[in-house]
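Enquirer: With these hints in hand, go ahead and build the complete structure from the sequences.
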Amino acid sequence: MIEEHDVGGVHIKYLYHCPRQLWLYARGIRPEHLSASVQLGEAVHDTSYTRRSPIDLGAAKLDFFDGRRWVHEVKSSSAPAPADEAQGRHYCYRLRLLGVEAEGAILHYPKIRRTRRYPFTPEAAIQAEADIAAVLAVVHAPVSPERLPRTGCRGCSFTDYCWTE
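Residue numbers 19 to 183, in our numbering, belong to the letters of the sequence shown in order.
Note that these hints are calculated values from the structure, not bench results. Model, not experiment: these values are computed from the prediction. Among the hints, erroneous ones may be present.
Said to hold, decoys possible - Mimicking EDC-like on lysine to aspartate or glutamate, the simulated pairs with C-alpha atoms at most 20 Å apart in a straight line are:
| no. | residue 1 | residue 2 |
| --- | --- | --- |
| 1 | K129 | E91 |
| 2 | K31 | E141 |
| 3 | K79 | E103 |
| 4 | K31 | E103 |
| 5 | K31 | E21 |
| 6 | K79 | E147 |
| 7 | K79 | E121 |
| 8 | K31 | E147 |
| 9 | K31 | D74 |
| 10 | K79 | E91 |
| 11 | K79 | E119 |
Expert: In C-alpha cells, the structure reads:
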C-alpha cells in the first residue's frame, strides 16, 4: 500500500472524482488506456504548451513550473472542477516540502481557452494535508467504497468495472 510520500496528483484527482476509483487504482486496476476520455486528455496535453517540460517529483508529475514560482497544469475538461484545484494545490504542497516556495497553481483549459489561478495559502496547505490523509484512508480501507450514482460515472474509465453485474 502507499504511504504519505507516495500520494500523487492522480490519487488526489480520483479522491475528488470518486473514492471507489481511487481505491481500485491503488490496487493496480488501471483501465484508463481503454477510455476515450483519457485518450482525449492525453492528446490535449500533448498538443498544448509543447515547449514546456514536465517536472517529475517522484509520486507527482506536474506539467510545468514557471520562473515566477507558479505550477501550471493543462486540463482537457471544458469546465473547472474541484479535483483540478486540489491537484494544483497538491503540487504546490509537494514543492514546498522540497523547499521550493510555490506561489500557487495556474490551471489551463485549452478547450475553452480559459485559465484559473489559485494562490497557495496557509489554508490551502492545510487542505493539501487533509487531502493526503483522506487518500490514505480510502486506499487503506479493507473494502471498496460504494460506487457513485450512475450519472456520476459518465466518461469514467472504470465504469465497466463498477457497473458490470
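Enquirer: Against this structure, judge whether each hint is valid.
Expert: These are the hints, each one checked on the structure:
{"no.": "1", "hint": "K129 x E91", "in the structure": "13 Å, holds"}
{"no.": "2", "hint": "K31 x E141", "in the structure": "19 Å, holds"}
{"no.": "3", "hint": "K79 x E103", "in the structure": "15 Å, holds"}
{"no.": "4", "hint": "K31 x E103", "in the structure": "9 Å, holds"}
{"no.": "5", "hint": "K31 x E21", "in the structure": "17 Å, holds"}
{"no.": "6", "hint": "K79 x E147", "in the structure": "18 Å, holds"}
{"no.": "7", "hint": "K79 x E121", "in the structure": "17 Å, holds"}
{"no.": "8", "hint": "K31 x E147", "in the structure": "14 Å, holds"}
{"no.": "9", "hint": "K31 x D74", "in the structure": "17 Å, holds"}
{"no.": "10", "hint": "K79 x E91", "in the structure": "10 Å, holds"}
{"no.": "11", "hint": "K79 x E119", "in the structure": "17 Å, holds"}
In summary, this structure violates none of the numbered hints.
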